[in-house]
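**Q** When you get a sec, could you build the whole thing from the sequences and use the hints?
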Amino acid sequence: AQTVTQSQPEMSVQEAETVTLSCTYDTSESDYYLFWYKQPPSRQMILVIRQEAYKQQNATENRFSVNFQKAAKSFSLKISDSQLGDAAMYFCAYRSAGTDSNYQLIWGAGTKLIIKP
Amino acid sequence: KAGVTQTPRYLIKTRGQQVTLSCSPISGHRSVSWYQQTPGQGLQFLFEYFSETQRNKGNFPGRFSGRQFSNSRSEMNVSTLELGDSALYLCASSLVPGQGTKTQYFGPGTRLLVL
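Which chain is which? The protein sequence lines are A and B, in order. So the mapping is simple: our numbering equals the position in the first sequence, first residue as 1, plus 13. So the mapping is simple: our numbering equals the position in the second sequence, first residue as 1, plus 1.
Calculated directly from the structure, the hints in this document are not laboratory data. Since we're looking at a predicted model, the values are computed, not measured. A hint or two may mislead.
Straight line, CA to CA, 30 Å or less: simulated DSS-like cross-link-like pairs of lysine-lysine [to be verified]:
(1) Lys14/B to Lys83/A
(2) Lys125/A to Lys86/A
(3) Lys68/A to Lys86/A
(4) Lys68/A to Lys91/A
(5) Lys83/A to Lys58/B
(6) Lys68/A to Lys129/A
(7) Lys83/A to Lys68/A
(8) Lys125/A to Lys68/A
(9) Lys58/B to Lys86/A
Derived coverage of chain B by chain A (criterion: at least 3 residues anywhere in the stretch with Cβ under 8 Å from a Cβ of chain A; other residues may be distant) [said to hold, decoys possible]:
(10) 30-37
(11) 52-65
Just some of the chain A residues that point at chain B, by a computed CB distance under 10 Å [stated by the list, open to error]:
(12) Arg56
(13) Leu60
(14) Tyr116
(15) Gly121
Just so you know, even glycine gets a beta-carbon here, dropped at the ideal spot from N, CA and C.
**A** Dropping the structure here:
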């Protein structure tokens, strides 16, 4: 069974600085997807970024980028120029990609990101 | 394009009652998944529906059930509510399973409190 681990329950960063959130996962599959979701106090789960395992290039979305290390099963999220609106819980999630697979998201425990003004 | 909608947003029930939650996916999305989020257990998968059929089910008792209609709208039902069912219930929709990026887009959730 696949597992996702986020070892940092809480992180804090000064506004405008850069922060990296860690995520590791365990799987025997070769084809899968990885996601970072953000959940602000409103509790709405918002997609931040996604990575296809077959792509070697790291995904980027504006100030958000990932460091995907497939061999190490690591998928960290880097937030550059942190803004107050980035304060939220961040969840790392895994999803199988095979056509016969179970498509449920498997979640990490989350990292609470605090932005200091 | 409108996002995923969930109704009601908040609900208070007492033990032993039953509850029905509704989810309308993004237009064109045919797969709907449900998740339970609690402080103790985190996010847990409940079930996934596609074309009115349950494709997968998580490790929850039979009190938790769901269904999907021909317009892809989905409902989940919890019977004989227990205190531990208090949670945020999230619905997510995606394109046809097996195609595309398989990204799930979430609704705002229904917060259920069981007293």
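**Q** Now tell me if each hint is right for this structure.
**A** Structure-based check of each hint:
1. The straight-line distance between the Cα atoms of lysine 14/B and lysine 83/A is roughly 45 Å, outside the 30 Å bound, and the hint therefore fails.
2. Restraint check for lysine 125/A and lysine 86/A: the C-alpha separation of about 22 Å stays at or below 30 Å, so the hint holds.
3. Only pairs whose Cα atoms come within 30 Å are accepted, and lysine 68/A paired with lysine 86/A is accepted, the gap being roughly 14 Å.
4. Under the criterion of a C-alpha separation no larger than 30 Å, the hint pairing lysine 68/A with lysine 91/A is consistent with the structure, at around 18 Å.
5. About 28 Å separates the Cα atoms of lysine 83/A and lysine 58/B, which keeps this hinted pair within 30 Å; it holds.
6. Taking the CA atoms of lysine 68/A and lysine 129/A, the gap is near 35 Å; set against the 30 Å cutoff, the hint is violated.
7. A threshold of 30 Å between alpha carbons decides the hint, and for lysine 83/A with lysine 68/A the separation of about 10 Å falls inside it, so the pair holds.
8. A hinted pair counts as satisfied when its Cα atoms are at most 30 Å apart, and lysine 125/A with lysine 68/A qualifies at roughly 28 Å.
9. Using a Cα cut-off of 30 Å, the hinted pair lysine 58/B and lysine 86/A holds, with the two alpha carbons roughly 26 Å apart.
10. Here's how the segment 30-37 of chain B fares: 3 of its residues keep a CB closer than 8 Å to some CB of chain A, so the rule of at least three is met and the hint holds.
11. Counting residues of the segment 52-65 of chain B whose CB lies closer than 8 Å to any CB of chain A gives 3, so the stated coverage by that chain holds, three being the minimum.
12. At a threshold of 10 Å, the smallest CB-CB gap from arginine 56/A to chain B is about 5 Å, leaving the interface hint in force.
13. Of the supplied interface hints, the one on leucine 60/A holds, with its beta-carbon coming within about 6 Å of a beta-carbon of chain B, less than 10 Å.
14. Taking 10 Å as the C-beta contact cut-off toward chain B, the hint placing tyrosine 116/A at the interface holds, the least distance being around 5 Å.
15. Restraint check, glycine 121/A versus chain B: the minimum CB separation of about 8 Å is within 10 Å; hint holds.
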